[in-house]
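Just need the whole structure built from these sequences, with the hints factored in.
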Amino acid sequence: MSMKFNGSSKRFPAAKHLTTEEYVQLMETYAAHNRSMGLQMRDKYSVGNIVKIRRGRNRDLLVYYADGECWHYTRELTWY
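Our numbering puts the sequence shown at residues 471 to 550.
Everything labelled a hint here was simulated from the structure, so no lab data went into it.
Any given hint might turn out to be false.
[Said to hold, decoys possible] Lysine-lysine pairs mimicking DSSO-like chemistry, simulated, CA-CA at most 30 Å apart: (1) Lys-522 <-> Lys-480; (2) Lys-522 <-> Lys-486; (3) Lys-514 <-> Lys-480; (4) Lys-514 <-> Lys-486.
Predicted model only: the values in this text are computed from it and were never measured.
Next up, the structure:
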């Protein structure tokens, strides 16, 4: 079941520059990514720990976390 984000809710600072489509991509991929993690990893990779988001190739979003880790969130709602 996919969570739906319409992009109109209050955005966290690192996501303010994203288009509505990009924000939906970010949040739906983040939700799936988060569900795949154990509880300790969820704390480490919470939305509050996202410090920067850049646009990558093929319309991926490069999501940078406070620990320096970067995840690629794809249009297909996958991550690597």
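Hints not upheld, ascending by number: none
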